[in-house]
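From just these sequences and the hints, can you work out the full model?
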Amino acid sequence: MDQFFFAAEVLANGLMTGVMYALVALGFVLIFKASGVFNYAQGVLALFAALTLVGIQQGQIPFAHLINAAFGTSLHHFGWTVPAVLAIALTAGVMVALAFLIEKLVLQHLVGQEPIILFMATIGLAYFLEGLGDVMWGADIKTLDVGLPQGISDSIEGATAEWFGYGFFIDRLDIWATVIAALLVAALVAFAQYTKQGRAMRAVADDHQAALSVGISLRFIWVMVWSIAGFVALVAGIMWGTKSGVQFSLSLIALKALPVLMLGGFTSIPGAIVGGLIIGVGEKLFEFFIGPMVGGATENWFAYVLALIFLVFRPQGLFGERIIERV
Amino acid sequence: MKTKLTAFVLAGMVTAAPALADLVVPNLSYRTGPYGANGTQYADGFNDYFTLLNERDGGIGGEIIQVPECETAYNTEKGVECYEATKDTGALVYNPLSTGITYQLIPKVGVDKKVLYTPGYGRTSAKNGKVFEWVFNAPANYWDGASVAIKYLLEENGGDLSGKKIALVYHNSAYGKEPIRTLEELAAKHGFELNAIPVEAPGQEQKSQWLQIRRDKPDYVLMWGWGVMNQVAIQEAANIRFPMENFIGIWWAGSEIDVGPAGAGADGYKSLTFNGVGMDYPLYDDLKTHVLDTGKASQGGEHVGSAVYSRGMYAAVVIAEAIRKAQELAGTAQINPEQLREGFENLEISTERLAEIGLPDFGPEIALSCSNHGGSGMARIQQWDASAKTWNLITEFTEPDNEVLDPLIAADSEAYAKEAGITPRECN
Numbered sequence: 011m012d013q014f015f016f017a018a019e020v021l022a023n024g025l026m027t028g029v030m031y032a033l034v035a036l037g038f039v040l041i042f043k044a045s046g047v048f049n050y051a052q053g054v055l056a057l058f059a060a061l062t063l064v065g066i067q068q069g070q071i072p073f074a075h076l077i078n079a080a081f082g083t084s085l086h087h088f089g090w091t092v093p094a095v096l097a098i099a100l101t102a103g104v105m106v107a108l109a110f111l112i113e114k115l116v117l118q119h120l121v122g123q124e125p126i127i128l129f130m131a132t133i134g135l136a137y138f139l140e141g142l143g144d145v146m147w148g149a150d151i152k153t154l155d156v157g158l159p160q161g162i163s164d165s166i167e168g169a170t171a172e173w174f175g176y177g178f179f180i181d182r183l184d185i186w187a188t189v190i191a192a193l194l195v196a197a198l199v200a201f202a203q204y205t206k207q208g209r210a211m212r213a214v215a216d217d218h219q220a221a222l223s224v225g226i227s228l229r230f231i232w233v234m235v236w237s238i239a240g241f242v243a244l245v246a247g248i249m250w251g252t253k254s255g256v257q258f259s260l261s262l263i264a265l266k267a268l269p270v271l272m273l274g275g276f277t278s279i280p281g282a283i284v285g286g287l288i289i290g291v292g293e294k295l296f297e298f299f300i301g302p303m304v305g306g307a308t309e310n311w312f313a314y315v316l317a318l319i320f321l322v323f324r325p326q327g328l329f330g331e332r333i334i335e336r337v
Numbered sequence: 059m060k061t062k063l064t065a066f067v068l069a070g071m072v073t074a075a076p077a078l079a080d081l082v083v084p085n086l087s088y089r090t091g092p093y094g095a096n097g098t099q100y101a102d103g104f105n106d107y108f109t110l111l112n113e114r115d116g117g118i119g120g121e122i123i124q125v126p127e128c129e130t131a132y133n134t135e136k137g138v139e140c141y142e143a144t145k146d147t148g149a150l151v152y153n154p155l156s157t158g159i160t161y162q163l164i165p166k167v168g169v170d171k172k173v174l175y176t177p178g179y180g181r182t183s184a185k186n187g188k189v190f191e192w193v194f195n196a197p198a199n200y201w202d203g204a205s206v207a208i209k210y211l212l213e214e215n216g217g218d219l220s221g222k223k224i225a226l227v228y229h230n231s232a233y234g235k236e237p238i239r240t241l242e243e244l245a246a247k248h249g250f251e252l253n254a255i256p257v258e259a260p261g262q263e264q265k266s267q268w269l270q271i272r273r274d275k276p277d278y279v280l281m282w283g284w285g286v287m288n289q290v291a292i293q294e295a296a297n298i299r300f301p302m303e304n305f306i307g308i309w310w311a312g313s314e315i316d317v318g319p320a321g322a323g324a325d326g327y328k329s330l331t332f333n334g335v336g337m338d339y340p341l342y343d344d345l346k347t348h349v350l351d352t353g354k355a356s357q358g359g360e361h362v363g364s365a366v367y368s369r370g371m372y373a374a375v376v377i378a379e380a381i382r383k384a385q386e387l388a389g390t391a392q393i394n395p396e397q398l399r400e401g402f403e404n405l406e407i408s409t410e411r412l413a414e415i416g417l418p419d420f421g422p423e424i425a426l427s428c429s430n431h432g433g434s435g436m437a438r439i440q441q442w443d444a445s446a447k448t449w450n451l452i453t454e455f456t457e458p459d460n461e462v463l464d465p466l467i468a469a470d471s472e473a474y475a476k477e478a479g480i481t482p483r484e485c486n
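Those sequence lines, one after another, are chains A and S.
The opening residue of the first sequence carries number 11 in the numbering used here; numbering runs sequentially from there.
The opening residue of the second sequence carries number 59 in the numbering used here; numbering runs sequentially from there.
Simulated from the structure, these hints should not be mistaken for lab results.
Worth double-checking, as some hints may not be accurate.
[Unchecked claim] Covered stretches of chain A (in silico footprint by chain S; criterion: 3 or more residues with CB under 8 Å from a CB of chain S, positions within the stretch not fixed): (1) 63–73; (2) 231–238; (3) 247–254; (4) 297–305; (5) 319–325.
Note that the structure is a prediction, hence the values are computed from the model and not measured.
Even glycine gets a Cβ: it sits at the ideal position worked out from N, Cα and C.
As structure tokens, this is what we get:
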């Protein structure tokens, strides 16, 4: 019986982990949906956003290493700290500015180019942003604290212990991540459905040329979409960074989003969520049931196997738009 | 970026005009990528000690030490590229701070006749100098670490671990797998149950592993982690309320950056170490005078005194002492790698010598020989005080269980010798 409850606990935690994966996948979906660009830099955007948030919050002087090396100074901090909410708002502002710069300096010059060229540009962008983050804020591991609770939820553990005789472990951070992801998705869907800009974004996603012909500014839409993706990256960066500290391996969380995208489809916001949940649950249950028989550490590769299986039967992903090309 | 540029310029200088009269000790470092935070601190400590010797003493034996840096990003291919790019610049010794890179370099250094010094990492059985002529891994290796941890737990349990459950959470790589064989032998000897739990690199997500630990309720958890794996593991252990005093990491899971993100939750966490902690050593006065205050510290000196910085500095201390010994034996200050190898094989760093250097009780005594390239293997335990944000040493240096380790090292090194077609040397 204990084994059954443990499997249920693994399943619940898999769902929660899936939400964390979906948070990263959402950023990919938004940009791909609106511009057809697979944004390789999405993981680095999350890292850059988290680095900037901690830097602002702790009053760190950007480019301090560079300034010190050039002028022989020993500057590090302004000497103040910024409240979490204000720091998040300022970081969101930085991400909007970054989106504007990306559009101005990169995307604008590549309008009409093949998707593979745009993909290459995002690879370059990823490495540039990683280097920029390093130079701006330093390579140290930074503690991120925006007031989110962490650790076992006593109330869930107590309640499940009383009901089933087995206290479930659910991380309070994961509960928060789930709530925030739900709010984020609801806000994104509402934005896309009920606002003028949202409808323009959907029009661009459906057909660039048609959208342009009715006067929708492609530039504005791209800046807007990259800004939203930057904000989603900030949320993902906060969640993952709270857990492990903000460090350069954060950019690798993008690898966790790829199977989610393969499974859920590159163009569907609900697909990113459902894909995340399936990957989260699938990899955790596989590790639980099969992992011990094959030496463990199956999660990284099994997520891709699971995605491949779905891909074989539904190439566009669970919720992706079916690709029909008529001759 | 700045470091890369510096490394590039330095590498260019070395390539353009090899200063063969200088002592060249390339620093195969990693300041970028997922492991950059650890690599940066180690590289800074390594650089700063040689800068101190250059500034204060005019080098070693009157010879300036050059430390050209090459960025490996903890990537094995890049590490080998760095080795190839620097080996013809008069390089004496390599310390790549990566078990993966070490495994690739072991056959190469034998051919190129370069010394490979891998303190506390790399291939454990390289301790057998009869087989691994060019590799040194003093003062301790992973099997020493595993044994010292179990010895500590034996002491904590009145000498009896029978019936106890010990989990090993390990980085699923050559590095992380190193202690398994030793721990299996020790489990058989002492009657504890060992459960090895792998974590896929980089280790950002470890929920499954810690749910398993919560279910199995091991008495102790040992960890062989690196990079983000350490921070996440310590956080997850705190999340499931695993008693931190029963959680012991290897020395590579025992730095300030490993425990920082978990905050107060990391209080009481323990790790092995083979070097001292903090800045309460006379050497730091000299370092301040000659390196920090003169603006010559690597990366501005912001990591001075941290656990990983101290370990990088300690590696430089051992290399510098081996160079001194080599100069003494060769009767010349301008030594070559063969002479440095002799220096390592005759190296003796006594308690008194460490005190003279300004690092009393900083590391165990080291006495190497032709057959023993790994030293005594002594290590100690440190414990994290989250409120003071300091590591405190809680044991003296302890010897590993050589009765178990020696046959394992002999077997592994002999297997390597057979595989690589090496005839072991006859020496003591």
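Results for each hint:
no.	hint	verdict
1	63–73	violated (count 0)
2	231–238	violated (count 0)
3	247–254	holds (count 3)
4	297–305	holds (count 4)
5	319–325	violated (count 0)
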